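Colleague: Modelling step: build the complete structure from the supplied sequences, incorporating the hints.
Just so you know, my numbering puts 2 at position 2 of the sequence shown, and the rest follows in order with no gaps.
For the record, the hints were derived by calculation from the structure and aren't laboratory data.
Any given hint could be a false lead.
Taking lysine-lysine pairs in the DSS-like style, the calculated list, with each CA pair at most 27 Å apart, reads [stated by the list, open to error]: (1) K85 to K64; (2) K76 to K59; (3) K76 to K64.
Please read all numbers here as calculations on a predicted model, not as lab measurements.
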Amino acid sequence: LVSDAQETWERLSGPGSVDEVFDMELIALPHIRYMADEFESAIATARNSFDPARNVYFKEQYSKSIPAAGLSAYAKNLWEVVYQKTPGAIAPDLVPGKSDAVVKSD
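Modeller: Structure representation (structure tokens):
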């Protein structure tokens with residue numbers, strides 16, 4: 001997954017390397033059906049990482065100062081840039097009320 005992100009970032013001609021712009025962390029979770037207790041524990045640990053008071057992922061230097069009202073438009077525009085420059089990308093159907101995905105093909 002990390003190498004895929006690096007390749008995508010290079011195709012986008014983003015500033016610097018993907019490691020300079022993003023902090024990526026992969027978490028392997030136990031199987032929810034066969035190891036339910038361990039799964040719940042791992043989820044609780046992951047959930048705590050997103051507590052703004054702990055400031056693990058919400059670092060000041062990453063803030064774009066985007067108001068909540070503009071977050072949707074910002075995310076949509078960002079995804080459209082990624083989608084346009086990534087062969088085979090899966091684009092969300094942007095029609096409200098639809099949750100289907102469309103596979104981009106040439």
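Colleague: The structure should be examined with respect to each hint, and the outcome stated for every one.
Modeller: Status of the hints after comparison with the structure:
A threshold of 27 Å between alpha carbons decides the hint, and for K85 with K64 the separation of about 23 Å falls inside it, so the pair holds. With a C-alpha separation of about 22 Å, the suggested pair K76 and K59 falls inside the 27 Å cut-off, and the hint holds. Among the hinted pairs, K76 with K64 is consistent with the structure: their alpha-carbon atoms are about 15 Å apart, no more than 27 Å.
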